Amino acid sequence: MSLREHTPVPGVTVLEVIGEVDLAEAEAIRVRMSEMLHRTRPARALLDLSGVGFLGSHGLTAVVRSSRAAGEAGVRLDGVTGPDNRAVIRPVRMTGLDQVITWYPDLDTALAA
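As numbered in this note's numbering, residues 40 to 152 make up the sequence shown, in order.
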(Lines of atoms letter the chains of each structure in order from A and count residues from 1; the text may use other names and numbers.)
(Lines give C-alpha, C1' and ligand atoms only; values in the text may rest on other atoms or scores of the structure.)
Protein backbone atom coordinates (compact mmCIF):
# COMPACT_ATOMS: atom_id res chain seq x y z
CA MET A 1 0.00 0.00 0.00
CA SER A 2 1.13 3.54 -0.66
CA LEU A 3 -0.17 6.87 0.60
CA ARG A 4 0.18 10.17 -1.21
CA GLU A 5 -0.94 13.63 -0.14
CA HIS A 6 -1.64 16.43 -2.55
CA THR A 7 -3.51 19.73 -2.69
CA PRO A 8 -5.22 19.94 -6.10
CA VAL A 9 -7.00 23.21 -5.27
CA PRO A 10 -6.52 25.67 -2.42
CA GLY A 11 -8.23 24.56 0.79
CA VAL A 12 -8.62 20.91 -0.25
CA THR A 13 -6.11 18.25 0.74
CA VAL A 14 -6.32 14.72 -0.66
CA LEU A 15 -4.98 11.54 0.93
CA GLU A 16 -4.72 9.02 -1.89
CA VAL A 17 -4.55 5.35 -0.92
CA ILE A 18 -3.26 2.76 -3.40
CA GLY A 19 -3.21 -0.98 -2.78
CA GLU A 20 -4.89 -3.31 -0.30
CA VAL A 21 -6.05 -2.08 3.10
CA ASP A 22 -5.97 -4.55 5.97
CA LEU A 23 -4.84 -4.32 9.60
CA ALA A 24 -1.33 -2.89 9.20
CA GLU A 25 -2.27 -0.47 6.45
CA ALA A 26 -5.40 0.74 8.25
CA GLU A 27 -3.37 2.13 11.14
CA ALA A 28 -1.05 3.90 8.68
CA ILE A 29 -4.05 5.59 7.04
CA ARG A 30 -5.44 6.73 10.37
CA VAL A 31 -2.10 8.17 11.50
CA ARG A 32 -1.38 9.85 8.16
CA MET A 33 -4.86 11.40 7.98
CA SER A 34 -4.54 12.78 11.49
CA GLU A 35 -1.09 14.23 10.75
CA MET A 36 -2.29 15.69 7.45
CA LEU A 37 -5.30 17.38 9.05
CA HIS A 38 -3.21 18.97 11.78
CA ARG A 39 -0.37 20.01 9.47
CA THR A 40 -2.36 21.42 6.52
CA ARG A 41 -5.57 22.53 8.29
CA PRO A 42 -7.65 22.30 5.10
CA ALA A 43 -11.26 23.42 4.84
CA ARG A 44 -11.98 20.06 3.23
CA ALA A 45 -10.19 16.72 3.03
CA LEU A 46 -10.74 13.93 0.55
CA LEU A 47 -9.91 10.29 1.21
CA ASP A 48 -9.28 8.87 -2.26
CA LEU A 49 -9.74 5.09 -2.25
CA SER A 50 -10.10 4.76 -6.03
CA GLY A 51 -6.78 2.86 -6.17
CA VAL A 52 -7.73 0.39 -3.43
CA GLY A 53 -8.15 -3.25 -4.47
CA PHE A 54 -9.25 -4.61 -1.08
CA LEU A 55 -10.96 -2.79 1.80
CA GLY A 56 -11.35 -5.03 4.84
CA SER A 57 -13.00 -4.34 8.17
CA HIS A 58 -9.86 -2.69 9.55
CA GLY A 59 -9.80 -0.39 6.53
CA LEU A 60 -13.42 0.56 7.11
CA THR A 61 -12.57 1.32 10.73
CA ALA A 62 -9.75 3.58 9.51
CA VAL A 63 -12.27 5.46 7.36
CA VAL A 64 -14.56 5.95 10.36
CA ARG A 65 -11.67 7.13 12.53
CA SER A 66 -10.49 9.49 9.78
CA SER A 67 -13.99 10.93 9.59
CA ARG A 68 -14.05 11.39 13.35
CA ALA A 69 -10.60 13.07 13.34
CA ALA A 70 -11.71 15.41 10.55
CA GLY A 71 -14.84 16.36 12.46
CA GLU A 72 -12.83 17.08 15.59
CA ALA A 73 -10.50 19.29 13.53
CA GLY A 74 -13.47 21.14 12.00
CA VAL A 75 -12.73 19.72 8.55
CA ARG A 76 -15.25 18.23 6.13
CA LEU A 77 -14.13 14.78 4.97
CA ASP A 78 -15.50 13.27 1.78
CA GLY A 79 -14.46 10.09 -0.01
CA VAL A 80 -13.67 8.93 -3.54
CA THR A 81 -14.51 5.34 -4.46
CA GLY A 82 -13.50 5.09 -8.09
CA PRO A 83 -16.26 4.83 -10.72
CA ASP A 84 -16.60 1.04 -10.79
CA ASN A 85 -14.45 0.00 -7.84
CA ARG A 86 -16.56 -2.73 -6.23
CA ALA A 87 -13.76 -3.43 -3.73
CA VAL A 88 -14.61 -0.07 -2.13
CA ILE A 89 -18.21 0.64 -3.16
CA ARG A 90 -19.60 -2.64 -1.88
CA PRO A 91 -18.23 -2.52 1.71
CA VAL A 92 -18.99 1.20 1.99
CA ARG A 93 -22.64 0.56 1.10
CA MET A 94 -22.96 -2.65 3.14
CA THR A 95 -21.73 -0.95 6.31
CA GLY A 96 -23.71 2.25 5.84
CA LEU A 97 -20.62 4.44 5.50
CA ASP A 98 -22.30 6.01 2.50
CA GLN A 99 -24.76 7.53 5.00
CA VAL A 100 -21.96 8.99 7.14
CA ILE A 101 -19.54 10.29 4.51
CA THR A 102 -20.34 11.72 1.09
CA TRP A 103 -18.69 9.59 -1.59
CA TYR A 104 -17.89 10.54 -5.17
CA PRO A 105 -17.02 8.29 -8.12
CA ASP A 106 -13.86 10.21 -9.04
CA LEU A 107 -11.62 13.02 -7.86
CA ASP A 108 -12.80 15.54 -10.47
CA THR A 109 -16.43 15.12 -9.39
CA ALA A 110 -15.44 15.44 -5.73
CA LEU A 111 -13.47 18.62 -6.40
CA ALA A 112 -16.37 20.12 -8.38
CA ALA A 113 -18.84 19.47 -5.53
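Honestly, the hints are just simulated from the structure, not real lab data. Please read these numbers as outputs of a predicted model, since none were measured by experiment. Glycine included, each C-beta is placed from N, C-alpha and C at the ideal position. Treat the hints with care, as some may be off.
Each pair of labels, with its calculated beta carbon distance range [as the list claims (entries may be wrong)]:
#1 Thr46 to Ser96: 16 to 22 Å
#2 Gly90 to Thr141: 15 to 21 Å
#3 Asp123 to Arg80: 32 to 38 Å
#4 Arg80 to Arg125: 19 to 25 Å
#5 Pro49 to Arg129: 31 to 37 Å
#6 Gly50 to Arg132: 17 to 23 Å
#7 Asp61 to Gly113: 16 to 22 Å
#8 Glu74 to Val139: 19 to 25 Å
#9 Gly58 to Gly113: 18 to 24 Å
#10 Glu44 to Arg107: 17 to 23 Å
Each hint, compared with the structure:
1. Thr46 to Ser96: 16 to 22 Å: violated, 30 Å
2. Gly90 to Thr141: 15 to 21 Å: At 19 Å between Cβs, range holds.
3. Asp123 to Arg80: 32 to 38 Å: holds, 34 Å
4. Arg80 to Arg125: 19 to 25 Å: Violated: the Cβ-Cβ distance is about 34 Å, outside 19 to 25 Å.
5. Pro49 to Arg129: 31 to 37 Å: Holds - the Cβ-Cβ distance for Pro49 and Arg129, about 34 Å, lies within 31 to 37 Å.
6. Gly50 to Arg132: 17 to 23 Å: violated, 29 Å
7. Asp61 to Gly113: 16 to 22 Å: violated, 30 Å
8. Glu74 to Val139: 19 to 25 Å: holds, 22 Å
9. Gly58 to Gly113: 18 to 24 Å: Check failed, 30 Å falls outside 18 to 24 Å.
10. Glu44 to Arg107: 17 to 23 Å: holds, 19 Å
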